[in-house]
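Peer 1: Listed below, chain by chain, are the residues.
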Amino acid sequence: MIVTVASGKGGTGKTTVAVNLAVIAPEGSVEVFDCDVEEPNAHLFIKPENIVTKEISTMIPDVDMNLCTLCGECEKICRFSAITMIAKKIMVFPEMCHSCKGCSMVCPAGAIKEGSRVLGSLLTGQSSRGFNLTWGELRVGEAMSPPLIKQVKNKIDKGIGKLFIVDAPPGTSCPAVVTLRDADFALLVAEETPFGLNDLALTVEGLKKLGVPMGIVLNRADMENGIIDDYAVRENIEILQRIPFSREAAKVCAKGHFLVDELPEIKALFQDIYLKIINNLNSIQKSDKGGQ
Amino acid sequence: MKELTVISGKGGTGKTSITASIASLAEKRVVIDADVDAANLFLTLEHKVVETESFEGGHKAEINPDICTCTGCGECFQRCQFDAISLNFTIDHISCEGCGVCAHFCPADAISFERQICGEKFISTTANGPMVHARLGIAEENSGLLVSQLRQRARQMAKEQHIPLIITDGPPGIGCPVIASVSNADALLIVTEPTLSGMHDMQRVMKLGRQMNAAIYLCINKADLNPEASEKIKEFCGSNNIRFAGEIPFDKAVIESMRMGQSLVTYSDGAASHAVKKVWQNVSSFLGETRDRLI
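These protein sequence lines are chains P and C, in that order.
According to the working numbering, the stretch in the first sequence is residues 1379 to 1670, in order.
According to the working numbering, the stretch in the second sequence is residues 56 to 350, in order.
No lab work stands behind these hints, which were simulated from the structure alone.
One should not assume that every hint holds.
Partial list, derived from the structure: chain P residues whose beta carbon lies under 10 Å from chain C [stated by the list, open to error]: (1) Thr1393; (2) Ile1455; (3) Ser1523; (4) Ala1632; (5) Gly1634.
Between beta-carbon pairs, the in silico distance windows are [said to hold, decoys possible]: (6) Lys1466(P) to Val104(C): 43 to 53 Å; (7) Asp1607(P) to Asp279(C): 28 to 38 Å; (8) Pro1642(P) to His148(C): 39 to 49 Å; (9) His1635(P) to His329(C): 30 to 40 Å; (10) Leu1445(P) to Phe132(C): 23 to 33 Å; (11) Lys1466(P) to Glu286(C): 53 to 63 Å; (12) Glu1473(P) to Gln211(C): 23 to 33 Å; (13) Glu111(C) to Gly1488(P): 29 to 39 Å; (14) Asp324(C) to Arg1625(P): 34 to 44 Å; (15) Asp324(C) to Ile1538(P): 50 to 60 Å; (16) His329(C) to Gly1406(P): 26 to 36 Å.
Here a beta-carbon is modelled for each residue, glycine too, at the ideal position from N, C-alpha and C.
Next comes chain P alone, as it looks inside the complex (with noise of 0.2 Å):
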């Protein structure tokens, strides 16, 4: 099953919270994947070994000016501005293009052939904790995320019964959504700020419209206003766990270590948020059961 770790608003600690899990679920159970494929930093904490990296592209058109006869189609079915005709020649802007093919299926000279953009590399090691990471990591200058993020999730096998846990992007637009859609179970970590309530609600109405589960795991909390706690209630979400603000949490995971293994009153924490999540997937199991 999928549980994804989101927020909404970047740095309340998904990372954090998804690198800890994967250290203190039973060993051979879980395996990990980085979604956040602009910033992706699980790697950092889980320090994977064995690495294979393999690039990934994205098909641009290629357009052979012998066989083209300067008809235009492919310039009209673009929406992308990716291709056009200046001064009796075809332009190409590869970083606009989208990789619809359009271009190539419109034309009548069969002058566009199938030519690639790199937009990054798709990444996977093995932790010393007996677990996979894979990540994907987009080229700097690359605009489109989503097709990378979605070669990471094709990496998810779920066949082989483990837990996969999948560290989202922040925001609501497409990068976070290509990721939640199709978890079984969002883990959402919010901090106690305006703004932390603020992007949380804006991730919620989103799952809703996914159909997803979630439940919030508040990060950094110290302070006694309550404010996403009165918005948990009013909107009937659960909050599976607190971990508390302290500058000693703050320095380890600066350092790139995992707070399980340092600060044992948060390990005992992120223990009982995996058996709260094992149970949440459980019953929605049973639930889907009982539904066919």
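Guided by the hints, dock chain C onto chain P, whose structure is given.
Peer 2: Coordinates of chain C only, in the frame set by chain P:
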């Protein structure tokens, strides 16, 4: 006219809090919230919305079951590169890229292809100049296009009202809306934090800034949480031709000001507030030394 974009790579380093403060300190400026899918600047900058306009994003394909000219030929299903069309000929709007290939090739004209309203754009007044911001609809696309439109509008206003500075609060990451926030900016202010993740992400966003030929300034937020790492970042700036704009200590006043709906420098006179003022002094003198772009 100068354009300064505040970015970080990693989320949650304090971009918006710092933008709100420098937008309050700058004598006259246009400020843009370019983090359109998780906009927060409006929460911390006193403002009044004076103009609202809907944002038309890309097109979406739709097979209309009422018109029912669909013959089930499967042409659209075969041509779609995004697996957005299922075998029962419904279109998944999340997967649809809006390329229009299905509508173009449908022999029965059964697919409509209309422009979508994807959000709202706002212009607000604040104490020292306009704020341009937006709200992208939940799970909507075209954030890059929306950012470009906000920046265009801001430039137009700056020109008309003779405002010498545009400050943009950028989104996290390095993808589409970040590229739209950074392209043609004169300078970037990178807000980083002294953590392994912060440093890793800062280097990627710096590389992007270099590709875009922007001058690069950097400040460290919550610098005292990890002084050794802060020193390393300073060294990194020195050896990579990045102007160092200062460091800001961890201060609970930052979150308190947010809760009061005010910028840090308006709300507090404490350590972080002083440090941000110093950062702004440095940034504005760096900006003075940076030549205007020709575009």
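Peer 1: Does each hint hold? Answer for all of them.
Peer 2: Going through the hints against the structure:
{"no.": "1", "hint": "Thr1393", "verdict": "holds (7 Å)"}
{"no.": "2", "hint": "Ile1455", "verdict": "holds (6 Å)"}
{"no.": "3", "hint": "Ser1523", "verdict": "holds (5 Å)"}
{"no.": "4", "hint": "Ala1632", "verdict": "holds (4 Å)"}
{"no.": "5", "hint": "Gly1634", "verdict": "holds (4 Å)"}
{"no.": "6", "hint": "Lys1466(P) to Val104(C): 43 to 53 Å", "verdict": "holds (49 Å)"}
{"no.": "7", "hint": "Asp1607(P) to Asp279(C): 28 to 38 Å", "verdict": "holds (30 Å)"}
{"no.": "8", "hint": "Pro1642(P) to His148(C): 39 to 49 Å", "verdict": "holds (47 Å)"}
{"no.": "9", "hint": "His1635(P) to His329(C): 30 to 40 Å", "verdict": "holds (32 Å)"}
{"no.": "10", "hint": "Leu1445(P) to Phe132(C): 23 to 33 Å", "verdict": "holds (29 Å)"}
{"no.": "11", "hint": "Lys1466(P) to Glu286(C): 53 to 63 Å", "verdict": "holds (58 Å)"}
{"no.": "12", "hint": "Glu1473(P) to Gln211(C): 23 to 33 Å", "verdict": "holds (25 Å)"}
{"no.": "13", "hint": "Glu111(C) to Gly1488(P): 29 to 39 Å", "verdict": "holds (35 Å)"}
{"no.": "14", "hint": "Asp324(C) to Arg1625(P): 34 to 44 Å", "verdict": "violated (24 Å)"}
{"no.": "15", "hint": "Asp324(C) to Ile1538(P): 50 to 60 Å", "verdict": "holds (58 Å)"}
{"no.": "16", "hint": "His329(C) to Gly1406(P): 26 to 36 Å", "verdict": "violated (52 Å)"}
Checked against the numbered hints given earlier, the structure breaks hints 14 and 16 and satisfies all the rest.
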